[in-house]
Structures are given as C-alpha cells and as structure tokens.
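> Chains as they are written, first to last, in numbering that gives the first Met the number 0: chain A, 0 to 78; chain B, 0 to 130.
Careful, some of the hints might be misleading.
[To be verified] Taking beta-carbon pairs under 10 Å as the criterion, some of the chain B residues facing chain A (in silico):
#1 5
#2 9
#3 13
#4 28
#5 31
#6 35
#7 36
#8 59
#9 60
#10 62
#11 65
#12 82
#13 89
#14 117
#15 118
#16 128
[As the list claims (entries may be wrong)] Covered by chain A, according to a simulated footprint, are these stretches of chain B (three or more residues, beta-carbon under 8 Å):
#17 16-27
#18 75-81
#19 120-126
Calculated directly from the structure, the hints in this document are not laboratory data.
Idealized CB from N, CA, C, for every residue including glycine.
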Amino acid sequence: MLALTRKKGESLIIDGQIEIKILEVQGDKVKIGIEAPKEVTVYREEVYKLIKQSNQEAAKTNQGTLNMLQTLISSYKRE
Amino acid sequence: MQDKYITFPEGIPGFETLTQFYLIKEQGAFCLLQSIEQPEIGFTLLDPSQLNIKYNPRIPKNYFEKIGDGEDNEYAVYVVTTIRENILDCTVNLAGPLLIHTEKRVGIQVIVGNEEYQVRHKLEDLIRGRE
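Extracted from the complex, chain A is given alone in its bound form:
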C-alpha cells in the first residue's frame, strides 16, 4: 500500500480525475472530501462489507418460511 502524508487542506489526485482532500483533522477522526466522476462509487468500507456478507446469506432462501411470512404480511398490510 502506498502511504502518503497530507495536511489539512491538502489533496491527492488519483488517475487525473479523482481528488481526495483532507478537510478536517480532529483527534483520531479525519474528514475527507472526494471529488470523482459519476461512474465512480464511493463506500464506507465497513458498510460495503456488511452488505456483501448480507447478500451471501440472503442468497439462500427457506421456502417454507417464505410462505409463512407471506401470510403474516397479508394480515398486517395497511389498508
């Protein structure tokens, strides 16, 4: 991994089109601003990992439970 030291207000440019700017440093928290083309998606890593993990669990469906849930939803559905 490439490690670079930056100060508040300084930026990094990746590939000539993504700018990462250090906006604020407070204790162990760093506020980062990202400017990137719209096709670039930026995630917080931990959220992405959770979604990935959740998708892997979701890929197996228990059919019996699904039928029961269906009944439950119909009984609670808003008018």
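For this one, chain A is given, so just place chain B on it according to the hints.
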C-alpha cells in the same frame, strides 16, 4: 416485470460476476431475483411499501445516472430479505436496496445515505410496524 431478465452491470456485492437475473413475482409481496448464470443463486426481494414502516431511502444521484439518464421516474426500489428457517431470524437489508430502471431493465445495489438504516432489520418487526 415478469419473465424478462434484468442486467446488473456491476453484479451484486458478493456476486460480482453475476449480471443477468430474472425477476419473478412470487405470490403476494415477494419477488425472486434469480441468477441466470448461476441458477442456484437467488434473492428474495420485497417491495418496501409492503412493510408497515415509512421507508425513505436517500439514494445518491449518481446511482440513478448510472442505470438511466437520471431524469425520468422509471425506477423501482426493492429491499433484499434473508429468509432463514426460523421466522424470527429473517432480516431485511434497508441499507442496501436494489434500484431497478423498469424500462431499461438495468439494476444496481445502492448504499443509502440514511445512517438509521441497517443491513439487518428484523423482518417480523417491520411487518408488524415495530421499528
């Protein structure tokens, strides 16, 4: 939206190589998003309006632009459910809904801007309207 495939150009996180899916309407509230490339992989989706909560995901604009031109209103939002054997263990992912352009039949999994939405909410609570 029946029997026609939907393309997820980036795949779905955890299944990045799977890009073609059938969206099959199950009986009632659920839909099945079935992989064409790997038929044993399928996701049970739910139209969030079937839940007894107000679901207002904040979806960053670039997702709309990625799968459409960002201008029209031909989008549908589904939440992914995890259906386990015990009904009490079933969960809904409110943090990562699927956004589908219904006309172009292109989809993407979104990471919403709402910090109050988690990856695992108890499905039973949301059906009964307990947030």
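> State for each hint whether it applies.
Status of the hints after comparison with the structure:
1. 5: 16 Å, violated
2. 9: 8 Å, holds
3. 13: 4 Å, holds
4. 28: 5 Å, holds
5. 31: 8 Å, holds
6. 35: 14 Å, violated
7. 36: 13 Å, violated
8. 59: Interface hint status for residue 59(B): holds (8 Å vs cutoff 10 Å).
9. 60: Hint on residue 60(B): holds, closest Cβ of chain A at ~8 Å, below 10 Å.
10. 62: 8 Å, holds
11. 65: Constraint on residue 65(B) satisfied, holds at 6 Å.
12. 82: 4 Å, holds
13. 89: At 6 Å from the nearest chain A Cβ, residue 89(B) passes the 10 Å test, so the hint holds.
14. 117: Since chain A brings a Cβ to about 8 Å from residue 117(B), closer than 10 Å, the hint holds.
15. 118: 4 Å, holds
16. 128: 7 Å, holds
17. 16-27: holds (count 3)
18. 75-81: holds (count 3)
19. 120-126: holds (count 3)
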